[in-house]
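Sequences are here, hints too, so could you generate the full structure?
Going down the list, the sequences are from chains A and B. The first sequence begins at 1 in my numbering and counts up one residue at a time. The second sequence begins at 1 in my numbering and counts up one residue at a time.
In case anyone wonders, no lab produced these hints; they're calculated from the structure.
Each pair of labels, with its calculated beta carbon distance range: (1) B:A322 to A:V335: 45 to 51 Å; (2) B:A327 to A:T88: 50 to 56 Å; (3) B:T303 to A:E107: 33 to 39 Å; (4) A:P82 to B:R325: 53 to 59 Å.
Which residues of chain A face chain B? A few of them, derived with a C-beta cut under 7 Å, are: (5) V25; (6) F38; (7) L205; (8) A340.
Note that CB positions come from ideal geometry on N, CA and C, so glycine has one too.
2 protein chains.
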Amino acid sequence: MSMPSSADPTDPPSTHAELFPDNPVLVALTRGDAVESFHRGAAIALRADGRPLLAWGDVERPVFPRSALKPMQALALLEALPDAPDLTPERIALHTASHAGWLMQVERIREWLEDMGLSEANLECGTRDWPLDPDAARELARRGGRSGPVHHNCSGQHAGFLRLAQAMGAPTAGYIGAEHPVQRAVTAVLGDLTDVDMATMPHGLEGCGIPSPALPLWAVALGMARLADPSGLAPSRAAAARRLCAAMAAHPDMVAGPGRCETRLIRTTTGRVLAKVGAEGNMVAIIPGHGVGVALKMDDGATRAAEVALGLVLEALGVLSADDRAALAGVFQPVERNAAGVETGHALAVTAPEDGDGDADDPEVDPWDEDWDDEDPKGPDAG
Amino acid sequence: MSMPSSADPTDPPSTHAELFPDNPVLVALTRGDAVESFHRGAAIALRADGRPLLAWGDVERPVFPRSALKPMQALALLEALPDAPDLTPERIALHTASHAGWLMQVERIREWLEDMGLSEANLECGTRDWPLDPDAARELARRGGRSGPVHHNCSGQHAGFLRLAQAMGAPTAGYIGAEHPVQRAVTAVLGDLTDVDMATMPHGLEGCGIPSPALPLWAVALGMARLADPSGLAPSRAAAARRLCAAMAAHPDMVAGPGRCETRLIRTTTGRVLAKVGAEGNMVAIIPGHGVGVALKMDDGATRAAEVALGLVLEALGVLSADDRAALAGVFQPVERNAAGVETGHALAVTAPEDGDGDADDPEVDPWDEDWDDEDPKGPDAG
Chain A
1 MSMPSSADPT
11 DPPSTHAELF
21 PDNPVLVALT
31 RGDAVESFHR
41 GAAIALRADG
51 RPLLAWGDVE
61 RPVFPRSALK
71 PMQALALLEA
81 LPDAPDLTPE
91 RIALHTASHA
101 GWLMQVERIR
111 EWLEDMGLSE
121 ANLECGTRDW
131 PLDPDAAREL
141 ARRGGRSGPV
151 HHNCSGQHAG
161 FLRLAQAMGA
171 PTAGYIGAEH
181 PVQRAVTAVL
191 GDLTDVDMAT
201 MPHGLEGCGI
211 PSPALPLWAV
221 ALGMARLADP
231 SGLAPSRAAA
241 ARRLCAAMAA
251 HPDMVAGPGR
261 CETRLIRTTT
271 GRVLAKVGAE
281 GNMVAIIPGH
291 GVGVALKMDD
301 GATRAAEVAL
311 GLVLEALGVL
321 SADDRAALAG
331 VFQPVERNAA
341 GVETGHALAV
351 TAPEDGDGDA
361 DDPEVDPWDE
371 DWDDEDPKGP
381 DAG
Chain B
1 MSMPSSADPT
11 DPPSTHAELF
21 PDNPVLVALT
31 RGDAVESFHR
41 GAAIALRADG
51 RPLLAWGDVE
61 RPVFPRSALK
71 PMQALALLEA
81 LPDAPDLTPE
91 RIALHTASHA
101 GWLMQVERIR
111 EWLEDMGLSE
121 ANLECGTRDW
131 PLDPDAAREL
141 ARRGGRSGPV
151 HHNCSGQHAG
161 FLRLAQAMGA
171 PTAGYIGAEH
181 PVQRAVTAVL
191 GDLTDVDMAT
201 MPHGLEGCGI
211 PSPALPLWAV
221 ALGMARLADP
231 SGLAPSRAAA
241 ARRLCAAMAA
251 HPDMVAGPGR
261 CETRLIRTTT
271 GRVLAKVGAE
281 GNMVAIIPGH
291 GVGVALKMDD
301 GATRAAEVAL
311 GLVLEALGVL
321 SADDRAALAG
331 VFQPVERNAA
341 GVETGHALAV
351 TAPEDGDGDA
361 DDPEVDPWDE
371 DWDDEDPKGP
381 DAG
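Right, dumping it as structure tokens:
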């Protein structure tokens, strides 16, 4: 009776505690009168100068931000094409998107490919079984359609990669490879915006085939803060960041899709808060008016929890109005219903216990600490 | 800047630590060369006399076992109809199932309803958007079909509830209600098999509308152990338990569906290990040859983790042969691939660190304790 030796990822150089930090519970799901499941994670909000507003859990450990990196990655295209008329705000929003796969999104991506003299066959993202959104999948099924690369939730980003390859005079084939000029440019932007030496980070492969780097959560938030407040960046990069934020604010339906968390948040706040999900429980936010960036990662990879945890962070930052809160209750405090439509429970953002249990890293700024309010009495609104 | 008071489920009577136990990491998912996500949970394996073989994490806290209760719940029907010829082993397996929604399953349930003089309209489980299994959903979509109550993963259990109502001379309408004779009989069986006073337990509503009681994890495992070894039960109940296990062993395709974890496990072990998943990260196993019951619940509700954690428990119990292990590698050590079919990472069962960190409740029997092997040197094989 022995444990399978192949099942032990705790070999050197990492220890069990480093691999699996004891992060705080951020979200609970109830059933009837009790908690059914709960989700742990880490979250951080920073200003562009690196000053933290909140930090919960282990924000040092490298995590794979996945598609939450897209707003940063998009700067490579925007800087390469500062004034190309074909790169419309709508297409910029699609380039930052994990789109739901609705016909109205897919058709715009097809048009973009045609404008480039390309087609769906040039997309190297692969084909998913269904569009990301179940309603969009049903729409496709009802029309008798079949899922292709253009339905992949990353196809808008990939269309932009193809456009970047053309702009660079590089071959379009192979644009997903780590050594292709497109991905080298994208990786360089990530390193610049986060102050991280990308060569030292763990890395993997994305669901859509491009490189998937890991980054400390603080670095992800720092990059988002610099998109929110690009005043410290070089002028051409700062202009690209402003253009990016304006495009996401103007086209929330393209960033995700009708009914989805990021789209509803951007629309409700009329772009005061921009957000982007990443697979495996990642979420980032860009808050331009306050110059704040947010990054969070749920330990277990649950998107349902990342959405509710984003609400907790935005509440803690004081950036939601009473009207916002009411309009977004379905996103940040969702009610669970069964197949007959009867309420069975709900998701709750969870405040940490008074003793700070679960905050593994003793963060510099701990909103659960009663003294924290004294340190920054008005939150980001004072900034 | 304050936390939303409505978001605090830590009000009395439960404390934060009671609601959110510090359970051990049981499963990790890698991307490239690093851990991407990880899952905590609790697990216990018992003999029918209550003697624990292993206990990891908090096995005292009530959890909602969801559909993992179905094998126990099925005894109500089997005891009411000890020799009815229409209650075939195939239908018994469907009554314990969370079926995938394949045509071959749906047609058998329709036939069963017709045999009772009933139809799909008598099912009160509600309608899900799609069958549970994506492949089954695609099958339905390709045929131009629409999802109805019979496609709900619980429709086989509900067909059996209707049969039980007829057997009891009770009205079929309203059979999902807590006060209906069918659900009262089902609740009574659960209390008997687990030695728990069901009236004292938290309760909620199931996804399919029936009562959803919570139970301590040890009690769930005890009930499964008594199904595995019914020698201590009343003769009629013991006969029903044996009939149940034989039906699940004979019809693995009906218990879940082709390709799914439980079906593959039952088929590979030719019924030496019976398993049943429950929503929100629940899994149980019945090991008749050893008289052992297993129950586990992932904190975060992830089915993908419950499946891998079941493999870890079965390894710890020593019930898998080398051939079983090889045949089930795709279930218990799954490789993750992206949309292009390229490997991006894998899921790993995780052994606990030597210091026992994360075992909240100091379980009586701790397999991570070096002395444990001495206590039970041969595992369940010795029983």
